[in-house]
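Visitor: Sequence:
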Amino acid sequence: MAKKKLSHTAKILQKLLDGETLISSDVFASNTNQYFGQIKDQGIELIEWNDPTEGKHLKRRLNMSEKNIERAEAYLNKLLGKTNADGDQS
Numbered sequence: 001m002a003k004k005k006l007s008h009t010a011k012i013l014q015k016l017l018d019g020e021t022l023i024s025s026d027v028f029a030s031n032t033n034q035y036f037g038q039i040k041d042q043g044i045e046l047i048e049w050n051d052p053t054e055g056k057h058l059k060r061r062l063n064m065s066e067k068n069i070e071r072a073e074a075y076l077n078k079l080l081g082k083t084n085a086d087g088d089q090s
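Numbering (the working numbering), first residue to last: 1 to 90.
If you are wondering where the hints come from, they were derived from the structure by calculation, not from laboratory data.
Model, not experiment: these values are computed from the prediction.
Hints may be right or wrong, so weigh each one.
[Claimed, not checked] Here are the simulated DSSO-like pairs of lysine-lysine, each with C-alpha atoms no more than 27 Å apart in a straight line: (1) K15 <-> K59; (2) K11 <-> K82; (3) K40 <-> K15; (4) K67 <-> K40; (5) K56 <-> K15; (6) K11 <-> K56; (7) K56 <-> K82; (8) K78 <-> K56; (9) K15 <-> K67.
All chains, please: the whole structure from these sequences, using the hints.
Guide: So this is what it looks like as structure tokens:
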């Protein structure tokens, strides 16, 4: 069975859950800011800031509160097809 290819959103979310800080240029895809927007649209909080000495891109990391991590893990499972429409584990 072929390994399922991860979406850009799933890859970004996995890196954020691993504690990485990301900027849009870390992801090699067109319009990468849309993926951060998709994550935030799920109620997942990202901490965003800009360091003017390092360029114009926002840096982003996951708010590591317990509830936010649960939301992020649930959305990642949904993206990976590990939950059904009701959110239950398949």
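Visitor: Which of the stated hints cannot be reconciled with the structure, identified by number in ascending sequence?
Guide: 7 and 8
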